[in-house]
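First to last, the protein sequences are chains A and B. For the first sequence, position 138 matches number 138 in our numbering, and the numbering has no gaps at all. For the second sequence, position 185 matches number 185 in our numbering, and the numbering has no gaps at all.
The hints are simulated quantities; they were obtained by calculation from the structure and are not laboratory data. By construction, the Cβ of each residue, glycine as well, lies at the ideal position given by its N, Cα and C atoms. Hints should not be assumed to be uniformly reliable.
Derived coverage of chain A by chain B (criterion: at least 3 residues anywhere in the stretch with Cβ under 8 Å from a Cβ of chain B; other residues may be distant) [as the list claims (entries may be wrong)]:
| no. | segment |
| --- | --- |
| 1 | 616-623 |
| 2 | 693-706 |
Below, a list of computed lysine-lysine pairs in the DSS-like style, where the Cα atoms sit at most 27 Å apart [said to hold, decoys possible]:
| no. | chain 1 | residue 1 | chain 2 | residue 2 |
| --- | --- | --- | --- | --- |
| 3 | B | Lys24 | A | Lys52 |
| 4 | B | Lys24 | A | Lys55 |
| 5 | A | Lys709 | B | Lys18 |
| 6 | A | Lys452 | A | Lys225 |
| 7 | B | Lys19 | A | Lys55 |
| 8 | A | Lys709 | B | Lys19 |
| 9 | A | Lys702 | B | Lys18 |
| 10 | B | Lys18 | A | Lys52 |
| 11 | A | Lys52 | B | Lys19 |
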Amino acid sequence: MAISSVAVIGAGVMGAGIAAHIANAGIPVVLLDIVAEGAENRSAIAAAAVVKLLKQQPAPLMHPRNAGLITTGNIEDDLQLVADCDWIIEAVIERLEIKQSLYRHIDRVRKPGSIVSSNTSSIPLRDLVAGLPEHFAEDFLITHFFNPPRYMRLLELVGGEHTRAEAQAAVRDFADRSLGKGVVKCKDTPGFIANRIGIYWIQVAVAEAMALGLTVEEADAVVGKPMGIPKTGVFGLSDLVGLDLLPHLMESMLMRLPESDPLRDRAAIPALIGKMIADGYIGRKGKGGFYRLNRAGGGKVKESIDLVSGEYRRSEEARLESLSAARSGGLQALLRHPDKGGEYARRVLTQVLGYTASLVPEIADDIPAVDEAMRLGYGWQFGPFELIGQVGSDWLTGQLRAASVAVPELLERVGGGTFYRVTAGRLQYLASDGHYRDQVRPEGVLLLADIKRSGEAVAYNGSASLWDIGDGVLCLEFHTKMNALDPEVLAMIRQAIEIVPRQHKALVIYNEGSNFSVGANLGLLLFMANIAAWDLIGEKVEEGQQTYRALKYAPFPVVGAPAGMALGGSCECLLHCDAIQAHSETYMGLVEAAVGVIPAWGGCKELLQRWMVNRRRPGGPMPPIIKCFETISTATVSRSAAEAREYLFLRPEDGITMNRDRLLTDAKARALALAEHYRPPEFEAMRLPGATARVAMDMAIKSFRLAGKATAHDEVVALALAGVLSGGDTDITEALSEEEMLALERDAFLPLVKTTQTLDRLEHMLETGKPLRN
Amino acid sequence: MKNIVIAGYKRTPFTLAKKGGLAKVRPDDLAVAAVQALLKQTGIAGEAVEDLVLGCAFPEGEQGFNMARLVALLAGLPQSVGGVTVNRFCGSSMQAIHQAAGAILLGAGEAFICAGVESMTRIPMTGFNPMPNPRLARQLPSAYMSMGETAENLARQYQIPRSEQEQFALTSQQRATGAQAAGKLADEITEVAGVGSDGCIRPETTLAALAQLQPAFDEHGSVTAGTASPLTDGAAAVLVCSEAFAQSSGLEMLARIRSIAISGCAPEIMGIGPVISSRKALQRAGLQMRDIDIIELNEAFAAQSIACMRELELAIDRVNIDGGAIAFGHPLGASGARITGKAAALLRREGKQFALATQCIGGGQGIATVLEAV
Numbered sequence: 001m002a003i004s005s006v007a008v009i010g011a012g013v014m015g016a017g018i019a020a021h022i023a024n025a026g027i028p029v030v031l032l033d034i035v036a037e038g039a040e041n042r043s044a045i046a047a048a049a050v051v052k053l054l055k056q057q058p059a060p061l062m063h064p065r066n067a068g069l070i071t072t073g074n075i076e077d078d079l080q081l082v083a084d085c086d087w088i089i090e091a092v093i094e095r096l097e098i099k100q101s102l103y104r105h106i107d108r109v110r111k112p113g114s115i116v117s118s119n120t121s122s123i124p125l126r127d128l129v130a131g132l133p134e135h136f137a138e139d140f141l142i143t144h145f146f147n148p149p150r151y152m153r154l155l156e157l158v159g160g161e162h163t164r165a166e167a168q169a170a171v172r173d174f175a176d177r178s179l180g181k182g183v184v185k186c187k188d189t190p191g192f193i194a195n196r197i198g199i200y201w202i203q204v205a206v207a208e209a210m211a212l213g214l215t216v217e218e219a220d221a222v223v224g225k226p227m228g229i230p231k232t233g234v235f236g237l238s239d240l241v242g243l244d245l246l247p248h249l250m251e252s253m254l255m256r257l258p259e260s261d262p263l264r265d266r267a268a269i270p271a272l273i274g275k276m277i278a279d280g281y282i283g284r285k286g287k288g289g290f291y292r293l294n295r296a297g298g299g300k301v302k303e304s305i306d307l308v309s310g311e312y313r314r315s316e317e318a319r320l321e322s323l324s325a326a327r328s329g330g331l332q333a334l335l336r337h338p339d340k341g342g343e344y345a346r347r348v349l350t351q352v353l354g355y356t357a358s359l360v361p362e363i364a365d366d367i368p369a370v371d372e373a374m375r376l377g378y379g380w381q382f383g384p385f386e387l388i389g390q391v392g393s394d395w396l397t398g399q400l401r402a403a404s405v406a407v408p409e410l411l412e413r414v415g416g417g418t419f420y421r422v423t424a425g426r427l428q429y430l431a432s433d434g435h436y437r438d439q440v441r442p443e444g445v446l447l448l449a450d451i452k453r454s455g456e457a458v459a460y461n462g463s464a465s466l467w468d469i470g471d472g473v474l475c476l477e478f479h480t481k482m483n484a485l486d487p488e489v490l491a492m493i494r495q496a497i498e499i500v501p502r503q504h505k506a507l508v509i510y511n512e513g514s515n516f517s518v519g520a521n522l523g524l525l526l527f528m529a530n531i532a533a534w535d536l537i538g539e540k541v542e543e544g545q546q547t548y549r550a551l552k553y554a555p556f557p558v559v560g561a562p563a564g565m566a567l568g569g570s571c572e573c574l575l576h577c578d579a580i581q582a583h584s585e586t587y588m589g590l591v592e593a594a595v596g597v598i599p600a601w602g603g604c605k606e607l608l609q610r611w612m613v614n615r616r617r618p619g620g621p622m623p624p625i626i627k628c629f630e631t632i633s634t635a636t637v638s639r640s641a642a643e644a645r646e647y648l649f650l651r652p653e654d655g656i657t658m659n660r661d662r663l664l665t666d667a668k669a670r671a672l673a674l675a676e677h678y679r680p681p682e683f684e685a686m687r688l689p690g691a692t693a694r695v696a697m698d699m700a701i702k703s704f705r706l707a708g709k710a711t712a713h714d715e716v717v718a719l720a721l722a723g724v725l726s727g728g729d730t731d732i733t734e735a736l737s738e739e740e741m742l743a744l745e746r747d748a749f750l751p752l753v754k755t756t757q758t759l760d761r762l763e764h765m766l767e768t769g770k771p772l773r774n
Numbered sequence: 001m002k003n004i005v006i007a008g009y010k011r012t013p014f015t016l017a018k019k020g021g022l023a024k025v026r027p028d029d030l031a032v033a034a035v036q037a038l039l040k041q042t043g044i045a046g047e048a049v050e051d052l053v054l055g056c057a058f059p060e061g062e063q064g065f066n067m068a069r070l071v072a073l074l075a076g077l078p079q080s081v082g083g084v085t086v087n088r089f090c091g092s093s094m095q096a097i098h099q100a101a102g103a104i105l106l107g108a109g110e111a112f113i114c115a116g117v118e119s120m121t122r123i124p125m126t127g128f129n130p131m132p133n134p135r136l137a138r139q140l141p142s143a144y145m146s147m148g149e150t151a152e153n154l155a156r157q158y159q160i161p162r163s164e165q166e167q168f169a170l171t172s173q174q175r176a177t178g179a180q181a182a183g184k185l186a187d188e189i190t191e192v193a194g195v196g197s198d199g200c201i202r203p204e205t206t207l208a209a210l211a212q213l214q215p216a217f218d219e220h221g222s223v224t225a226g227t228a229s230p231l232t233d234g235a236a237a238v239l240v241c242s243e244a245f246a247q248s249s250g251l252e253m254l255a256r257i258r259s260i261a262i263s264g265c266a267p268e269i270m271g272i273g274p275v276i277s278s279r280k281a282l283q284r285a286g287l288q289m290r291d292i293d294i295i296e297l298n299e300a301f302a303a304q305s306i307a308c309m310r311e312l313e314l315a316i317d318r319v320n321i322d323g324g325a326i327a328f329g330h331p332l333g334a335s336g337a338r339i340t341g342k343a344a345a346l347l348r349r350e351g352k353q354f355a356l357a358t359q360c361i362g363g364g365q366g367i368a369t370v371l372e373a374v
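Using the sequences plus the hints, can you model the full thing?
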């Protein structure tokens, strides 16, 4: 069965967030909560939740208009709204009798074959369905979302012994394709996978930091980057989640954990945390947590709590020798280091990885599910079993023995080997039966990582590669630091333009970095500027223009497939593609103005042309120019792919893929569809108004400057941009060629790079990652 | 010389651009609502109308073509009635009244519908296609200066402290709130698209809240969103005819038009425009400012209004007694018809003798109309 309408009952943070994300998928969703006592609108609770969704940051909705897909109501008057829904998600308070009573009400109105699931994080499925009719149990499962539901990719799915296989399959398929979730099948055990391990990790990491006398900054620095864990580490994460949740989570876990579970020994909530909660220091949603921003006296000072005294003090960068060692020698160097940072890393990893190894097959059938859950639910770069591969199973076994801790069976079985291996280009994992099995991806999932394991690149240089992804399609991958674009990347694009027509039909530009690309390599630009190599800069600008132009008019279709940030020069690259298939979480923008320049690899020209041919814009010569001027001069970045459509970074016919793992498949399919009877695009000569348009933009920027919304150099950059977008010294009766437009971009770019203000902006961006407002 | 009278005044509610209840209503439909309400109120036969004169400051997009003719057709006026769209920016629909008065004096018709409209939601201020003449922009940049800047210029030139502007804005809000609560606006407003009352008025305004606002146009300036008229959607219409026609048709006359005037001033202080135009109109009427009982001074900005009041030596008790554009909003093309119709209606309501309606106009102009009781 296909799911085409959904209901969420419970409009709290999770329920509302889930409803928002279902709306993000374009699916109508009913959101119910209890009756608001005393309110004029009996559905005020659910209605208020939708209002909050529109204000919350990070935004739960990919586009404000998605709120229109959410129908609100209350469970007393509007429960019949769920009658038409294919999937009904319960996200109410974690109390069994309340949930069960709700299920009975739902069961009376829902249509036969509809699916009911609970978002419980702590109540076992067998308890939830106990005493309920069998037909209900057959349609019931647990779907455990992570907060915030739009951004956290993990969905833990637990089926009961009576749950119909088709019901599970339908939810799995919908969550995967429409919601973009990584669905991990879990067993009906406390905390399922991610929280079982995650809570243990938090408890151990907090307790050991206190035991070893580390500061919160030191602890977070050790368990963060070197272990591939988000830089919030453990204390920052606790602030983010809310300290007040920890005792509740722990309590519900303790009620159901096996008697011998090691988490029981780590269950104590430190006195300091108890006091912080009592005083309202529950993290970012409260007055602060382990960290806080002290705004006293109008300032903004980041402070950290002293784990011994409980007093706040100014935060300091962690300076441990072991951390310096880790920067060059990685996790291994950290673990070998004798200082307290090294000892902390050893203790935390030994306990957490040892514990995790003891939980399979109790919590999951196999290890990839565990790794996937920690990657997607806690944002770890590597799952625990992948981490064991990094530290060495021998090392871990040795550590456990030294601490007189029983070595888990799974760890004994792997011996000195690894849980993962690559055989004949195929990734395999150690299954519970002791054999290595191929890791099989869900149907329709195509990962470049798998392709790269299985063969050689068609072409390669230090910055980019070309891979054969089958069916006559090549994939161009960037692989520089942060996927910044440099001359080698451009060279690879030109190489692809030569190679593709020989034996292939189409090209996809895609990579599996956390960001598609942060744009051109600013370090190179700054270097050339510092040695006053102006001619060279001019050449490089022209080289980029000609490379993208050749890509645009190549005799084969090109599909850009961004995910994450696609900024500056990489946004320009995408604007030259025949089509874009974007991940829903794509943050696109022509951000050049933020570093004091303008898009000069054809970006101004391409965006302007998109607006000129757009049929929905107001008529006349100015609206496309004004739109581009606003978008580019303010370095606007879309906060989702849906929003990128508003700026015409995406055309109406460009596609959006919800599941990151399906992006390459969709992009490839798009490329193949375009390859049928492909004809390269033609440039429509541009008629632009010239000086009058420049004057109009000049007036606008001067008003912004006067009002304090633009800086002196913003004005300089915006005027240069206005010169390009107005068409220079043209007249509305004349048509400008593509080459003339590119010349305008070049002519505007170079004088900007020669200003000290632009150089200051470049330097500041490289040093801090943030724009300088000068 | 023929006497010319205002024999009817109606308007739509004025609501905030983009956020208000009329955001989704096309401007031509807004104008139709005002015109139809006027026809109904006066009971004038469509055949008797010579022309529909419609003011609009940005006549493009949905306000484009010759909107006046289209509004006449949409409103169900006979095809024999003409339609002309006039633009004098903020003074557009007062200009419509002046044109009708001139035509009547020439014997070129007896009855005119003079209306004005602006949807600042649907057609942005400056229009979709601002294309200034580069030569003029070089020679006289102030010709295209933003209105907010001109208000700052006056605030500086006349040394009008921010607190004085805020007190003025508060008075406007309080008077509008009071008038609304007392039902004094009900007669002039016709319901459109389910919206039956004004949406811009902020009864909750306090001096403390106004003092919190950031300057809107100049970071070092004194003019804020609270002391400027908001972007607004709305339409207004008045019936202008010869006194003889009104009498023979049994129309209820609100006021006689005594004199009119237009004046120009430096664009960078366009807000001072009402001073010269008012003096000219008074002189033509043979009156002194002290003779005037009711004054409708369009509140584009508090700073600009205060500067005019100082120059004309006006006390606040005679000015905008039901509140002004800072509270009601200022749909550019519609404001002239509103304040002229309002001044006429107030003369009658308050039983007074003379009224003055005057406005400043972007680009550096003033426009004024002197009315007298019939």
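Q | Hints violated by the structure (numbers, ascending) | A | none
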